[in-house]
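A.B. asks: Single-letter residue listing:
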Amino acid sequence: MNTARKIALWLDDRLHLTALFTATAGHEVPANSGSWFYVFGSGTLLCFVIQVITGACLAFVYIPSTNEAYTSLEYLNHAQFLGWYLRAVHVWGSNFMVAIMTMHMIQVFLFGAYKYPRELTWVSGVFLLLFTLGMAFTGQVLRFDQDAYWGLSIGASITGRIPLIGAQMVHLLLAGPIIAGETLSRFFTFHVFLIPGLIIALISMHLRLVLTKGINEYPKPGDKVRRETYDAKYKEIIKTQGVPFVPDAIGKDLIFSGLLLIAILTCAAIFGPKGPLGVPDPTIVDTSPRPDFYFLSIFAALALLPAWMEVLILFGAPLVVLSLLLGLPFFDNTGEKSARTRPVAVLIVIVTVLVLGVLTYMGETSPWSPHMTAWSENPIPVAYLRHRTPLQLRGAAFLQNKQCRNCHALGGVGGERGPALDDVATRLTADEMVRQIIQGGGNMPAYGKKLSPAEVEAIVSFMQTLRPNYRPAALVSTNPEIRK
Amino acid sequence: MACLPHPSNESPVKATEFGSLYEQNCAGCHGTDGKNGPARPLHDPVFVAYMPADQIKLVIENGRTGTPMPAFGQAQGGPLNDGQVAALVQGIESWGKPIDGIPSYTAATTGDPHSGARLFAQNCFMCHAKGAAVGPVTDAAYLTLVSDQGIRSSIVTGRPDLGMPDWRHLHVGKALSEQEITDLASYLSSLRPAAANTTTAEHSSPTGNVPVNSADNSAIRHTGKKQ
Amino acid sequence: MSEPRHESESYESGELVNIEPTATPTRRLWLAWVGSGLNAIAGLLFAIPLVGFVFSSFVTRRDPRAWISLGPLENFPEKQTRLATYRNPFTRPWDGQTANIPCWVRHADGNQFQVFAINCTHLGCPVRWFSESGLFMCPCHGGVYYEDGSRAAGPPPRGLYQYDYKVENGQLWVKGGQMPTLANPV
Chain A
1 MNTARKIALW LDDRLHLTAL FTATAGHEVP ANSGSWFYVF GSGTLLCFVI QVITGACLAF
61 VYIPSTNEAY TSLEYLNHAQ FLGWYLRAVH VWGSNFMVAI MTMHMIQVFL FGAYKYPREL
121 TWVSGVFLLL FTLGMAFTGQ VLRFDQDAYW GLSIGASITG RIPLIGAQMV HLLLAGPIIA
181 GETLSRFFTF HVFLIPGLII ALISMHLRLV LTKGINEYPK PGDKVRRETY DAKYKEIIKT
241 QGVPFVPDAI GKDLIFSGLL LIAILTCAAI FGPKGPLGVP DPTIVDTSPR PDFYFLSIFA
301 ALALLPAWME VLILFGAPLV VLSLLLGLPF FDNTGEKSAR TRPVAVLIVI VTVLVLGVLT
361 YMGETSPWSP HMTAWSENPI PVAYLRHRTP LQLRGAAFLQ NKQCRNCHAL GGVGGERGPA
421 LDDVATRLTA DEMVRQIIQG GGNMPAYGKK LSPAEVEAIV SFMQTLRPNY RPAALVSTNP
481 EIRK
Chain B
1 MACLPHPSNE SPVKATEFGS LYEQNCAGCH GTDGKNGPAR PLHDPVFVAY MPADQIKLVI
61 ENGRTGTPMP AFGQAQGGPL NDGQVAALVQ GIESWGKPID GIPSYTAATT GDPHSGARLF
121 AQNCFMCHAK GAAVGPVTDA AYLTLVSDQG IRSSIVTGRP DLGMPDWRHL HVGKALSEQE
181 ITDLASYLSS LRPAAANTTT AEHSSPTGNV PVNSADNSAI RHTGKKQ
Chain C
1 MSEPRHESES YESGELVNIE PTATPTRRLW LAWVGSGLNA IAGLLFAIPL VGFVFSSFVT
61 RRDPRAWISL GPLENFPEKQ TRLATYRNPF TRPWDGQTAN IPCWVRHADG NQFQVFAINC
121 THLGCPVRWF SESGLFMCPC HGGVYYEDGS RAAGPPPRGL YQYDYKVENG QLWVKGGQMP
181 TLANPV
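Line by line, the protein sequences give chains A, B and C.
Just so you know, we're using this note's numbering here: the first sequence kicks off at 1 and counts up by one.
Just so you know, we're using this note's numbering here: the second sequence kicks off at 1 and counts up by one.
Just so you know, we're using this note's numbering here: the third sequence kicks off at 1 and counts up by one.
Honestly, I wouldn't trust all of these hints.
[What the hints assert, rightly or not] DSSO-like cross-link-like pairs, simulated, lysine-lysine; straight-line CA separation at most 27 Å:
no.: 1; chain 1: C; residue 1: Lys166; chain 2: B; residue 2: Lys57
no.: 2; chain 1: A; residue 1: Lys239; chain 2: A; residue 2: Lys252
no.: 3; chain 1: C; residue 1: Lys175; chain 2: A; residue 2: Lys449
no.: 4; chain 1: C; residue 1: Lys79; chain 2: C; residue 2: Lys166
no.: 5; chain 1: B; residue 1: Lys97; chain 2: B; residue 2: Lys174
no.: 6; chain 1: A; residue 1: Lys224; chain 2: A; residue 2: Lys213
[Unchecked claim] Sample of chain C residues facing chain A (criterion: CB under 10 Å; computed from the structure):
no.: 7; residue: Trp94
no.: 8; residue: Asn111
no.: 9; residue: Val127
no.: 10; residue: Ser133
no.: 11; residue: Cys138
no.: 12; residue: His141
no.: 13; residue: Pro155
Read the hints as simulated data drawn from the structure, not as lab findings.
A virtual CB, placed ideally from N, CA and C, is assigned to each residue, including glycine.
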């Protein structure tokens, strides 16, 4: 027995390393769980570790004060050696973390892994999802730029809609009556201390449950979970097809994690850090706040919901979704696990992904938002101005002047809130145009007080020329021409 | 490390680069590159030679009441600071060149509408009669929406981008004289309906009985949506 | 090297070494109860300042608003709407430019003013004024208001928030300092 071996054995004796290994990394898992579908959990964990490391590095420089935060971010981007890169890795790590975590969740859902006896593994995972989204929101605030400032404003406005205690909750969220003072410190504390602490605690619980209740075996159609027999069956699987997680089942996890890390590092190197965008000066009102990617779907929903549903959906929907997620392993506790025999589960995933995807896309394009500079920035297509009378040209100028273009496109450019005006003359008669402009309606403001009769006449005379390809102009429905 | 971002120390609010300033604030009406918009082309040597730089500055800052030209100066609640206005004036001036014998920007004398009417029939009528190729400039609504200065400017500079000749070519073979331009402008001004003064900025309620509050809107929402 | 192996096994099986009671169980139990009770009381004493500290902003002890001057009346020409800014009275020394709060001032006529909060009543985004069309437009979800602040179009549930104002010493004063929300309309 040589010395090295003696030292190793002594260490093992004092530290119980072999026992620790057997009980954790070396625990027996079903051989068929060494699958490419089972790599997302460890991938999410890797992302979290990257976030902790890069986050700690950024905290070396970042200053959580409303006056200095922006400057320190600029300093990180431009002056601190490799500061821009660590900021980039942190933001890309968060993007990947949300993405991989979503895949992990979908996989667990489709493979029925939340069923007996792994209910609490799922429940702890749901809380991990919530806390990760909490990290995403607080992190967006720490990137203290215009979007962050107005994002806080949006957050406070949503909070202010809480029935009964809304006013107090706003003050609690902002740490005061207004975005100032301790607001940023509060979000810093949540982002850097509280939520990460909770996440680490929950990950410990999540992993311990994976160890004690075993990893889900690869489900086979027709293999139903029954509370009375499952534990014995799982023991039998481990006995007959069990392999130690390390080294037998970890290979694919390692390959995926390696690729993931390279992907994050590459994205960070190519696309660089996110922001900070404009300086967080509230007096610069020339801004269009947008939330980060993860919250665009909510942003879109808030534009599309009818007013009476807003409070209901704002606070009701999260409660319902949370109850459904938390309740899932309890009301669907047994039975089939394989996605091949659970069409409803597959449908739920497809519908959810589609809904969130469409809402995110709509949030990105925001067709409901006026284009604030369209009226002074987007020219009228030249073809629409050829061979027009002086009055029609004046009308075209007033169409710009009165900011109509902020909501109405011409030639595909301009706002999308209202209908494009390129063929408005084929849809409305002159009288209908006058009425619509003066009285508004259909979500259009009334312009009666802001337009003189001559201006209305000019604008309408221009709009009457807007019928492409000589398509016939709109007719009054009582016109005898229509009856032919 | 090609992707190391560049410091963005210039706030967009303070940008003074003519190209982007023009594009954001002027292109909507005066057209891309200063031509082919509904409003007067600025990329026109005749216009730049004709309109003094200090007048351009004044109009950018204060707008022109009663016309579609809004005020852009911060003193008038607009978005542009003094430096940005100066950059715009300088940029527009760079589109010009000296032109000999250009009429003065403001009329030195009072015009004679009767002489103007005769000149109109001789020089303008073929295009600007009712039903003619371009359409009437004698239209009451049109005249309500242009200033006297605007009429004079249109006679002098024409609309080169739309094919209207300037003061040198309105009358075949001979440029209009200073007095003729003034007469012509005064004739057109005299046609402007008296009731409709050019000031449209503050119509308290030009349409009188039209309901404008949102409660009334909801009642007519269906008709508004029907298309 | 046989003893450590035994210890490892005991770790693996998760069994704790069974301690024989040397004193009477009632006394041990009594000590445990007293100990727990003592810690509960101490914990409560600890929790009171903690909760008070963290949740102090939940309870607003006094009105955070104060009268602030927006500048001389000459800055607000009659029949026009202008952007004004004020320094938030709740400010902290480390606030920097974030404490500069904008608002829209409409001088209707005479001594009649309207001072609108910048925040859209829908979700708090900054509304922008367009004098030509006489509308405030919100960049987030397309809320639109008329020049008197009433709702014109889009999702806002009400008109723009209006500050209390007064005219004193030739200056326009507003009562500001609180972020307006539906629960706290200025």
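A.B. asks: Hints broken by the structure, by number, lowest first?
C.D. replies: Hints 1, 3 and 8 not satisfied by this model.
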